[in-house]
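Student: Sequence:
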Amino acid sequence: MIRLHITAEGQTEKAFVDQVLTPHLAHFDVYTDARCVLTSKDKRAAKEYRGGLISYQKAKADIETWMKEDANQECWFTSMFDLYALPEDFPGFDEAKRLEPYQRIERLEAAFGNEMNKPNFIPYIQLHEFESLILADPAKLDWEYLEHDQPIGNLVKMVGSQNPELINDGRETAPSKRILKEIPEYDKVTSGVSVAAHIGLDALRASCKHFDEWVSRLENLGGKE
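Positions 231 to 455 (my numbering) are the ones given, in order, by the sequence shown.
Keep in mind that a hint or two might mislead.
Said to hold, decoys possible - Each computed EDC-like pair below joins lysine to aspartate or glutamate, with the alpha-carbon atoms no more than 20 Å apart:
hint, residue 1, residue 2
1, Lys298, Glu278
2, Lys387, Glu377
3, Lys348, Asp292
4, Lys290, Asp324
5, Lys290, Asp319
6, Lys407, Asp372
7, Lys290, Glu318
8, Lys288, Asp300
9, Lys411, Asp379
10, Lys271, Glu294
11, Lys290, Glu336
12, Lys370, Glu415
13, Lys407, Asp417
14, Lys387, Asp367
15, Lys407, Asp367
16, Lys439, Glu330
17, Lys439, Asp367
18, Lys439, Glu336
19, Lys290, Asp300
20, Lys290, Glu278
21, Lys439, Asp399
22, Lys411, Asp399
23, Lys387, Glu412
24, Lys407, Glu374
25, Lys348, Asp300
26, Lys327, Glu402
27, Lys288, Glu345
28, Lys370, Glu412
29, Lys411, Asp372
30, Lys411, Glu374
31, Lys327, Glu345
32, Lys348, Glu294
33, Lys298, Glu345
34, Lys411, Glu377
35, Lys407, Asp379
36, Lys348, Glu299
37, Lys271, Asp292
Read the hints as simulated data drawn from the structure, not as lab findings.
With the hints as extra help, turn the sequences into a complete structure.
Tutor: See below:
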């Protein structure tokens, strides 16, 4: 039995892991749990605040703390961070920003893995953010947003035959910004995860190459064919 701890950028990614990835990976004898990355602590109140990738150093320290808390041999760790708005102190950031998206993500993940320097850590950065998964099949937004035929149709037309992982990271043109432009009431934590689940892992993986590679690596941890 393999246990997999996933450090998620925020509540959306955590909910996606809990609701979609966890039941899927259980079929491969990989049992997951997820928590949002630590952002701050209130020592007086003994409280932790989690969610939001503020800095690389904070994320690294949080993952390293979890590794110390669970150092068992059968335990693995991974991340689910967005490329969009990635902190500039991330290893390899300056060099990677000059590269094409898939090369950029490869360079960043390699630098991340080298910095962590743990054989049981699998670095993963989502191209370009969680909403890339929604744009794998934006027509499924009607699962949550009834009577939005025209806005959803606009998104379907915009995506067309594009690779959703390559829909860019501009402040006004990132996947989430495109969805919000058409559906201002879009809520990523509840509706976004629900729509992604409705699209289904098979369709998400077919449209999102880098995401598929990550899921395959996680499946293979269990040693099943």
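Student: Taking 20 Å as the top limit, are the C-alpha atoms of Lys271 and Asp292 close enough?
Tutor: Cα-Cα ~11 Å, so holds.
Student: Straight-line Cα separation of Lys271 and Glu294 no greater than 20 Å?
Tutor: holds (16 Å)
Student: Given the proposed pairing of Lys387 with Glu377, does the C-alpha separation stay at or below 20 Å?
Tutor: holds (17 Å)
Student: Compare the distance between the alpha carbons of Lys348 and Glu299 with 20 Å, and conclude whether the hinted pair is satisfied.
Tutor: Within the cut-off at roughly 15 Å; holds.
Student: Has the given pair, Lys290 with Glu278, been kept, meaning a C-alpha gap of at most 20 Å?
Tutor: holds (16 Å)
Student: Between the alpha carbons of Lys348 and Asp292, is the straight-line distance 20 Å or under?
Tutor: Distance ~14 Å between Lys348 and Asp292 Cα, so the pair holds.
Student: Hey, Lys290 versus Asp300, does the alpha-carbon distance stay inside 20 Å?
Tutor: With a Cα-Cα distance of about 16 Å, the restraint between Lys290 and Asp300 holds, given a limit of 20 Å.
Student: Straight-line Cα separation of Lys290 and Glu318 no greater than 20 Å?
Tutor: holds (14 Å)
Student: Is the hinted pair Lys387 and Glu412 satisfied, with a Cα-Cα distance of at most 20 Å?
Tutor: holds (12 Å)
Student: Quickly compare the C-alpha distance for Lys348 and Glu294 to 20 Å and report which way the hint goes.
Tutor: It holds: about 10 Å lies between the C-alpha atoms, which stays within 20 Å.
Student: Tell me if the straight-line CA distance from Lys407 to Asp379 falls inside 20 Å.
Tutor: Measuring from Cα to Cα gives roughly 18 Å; hence the hint holds.
Student: Lys370 and Glu412: Cα distance at most 20 Å?
Tutor: holds (14 Å)
Hint compliance for this structure: every hint is met.
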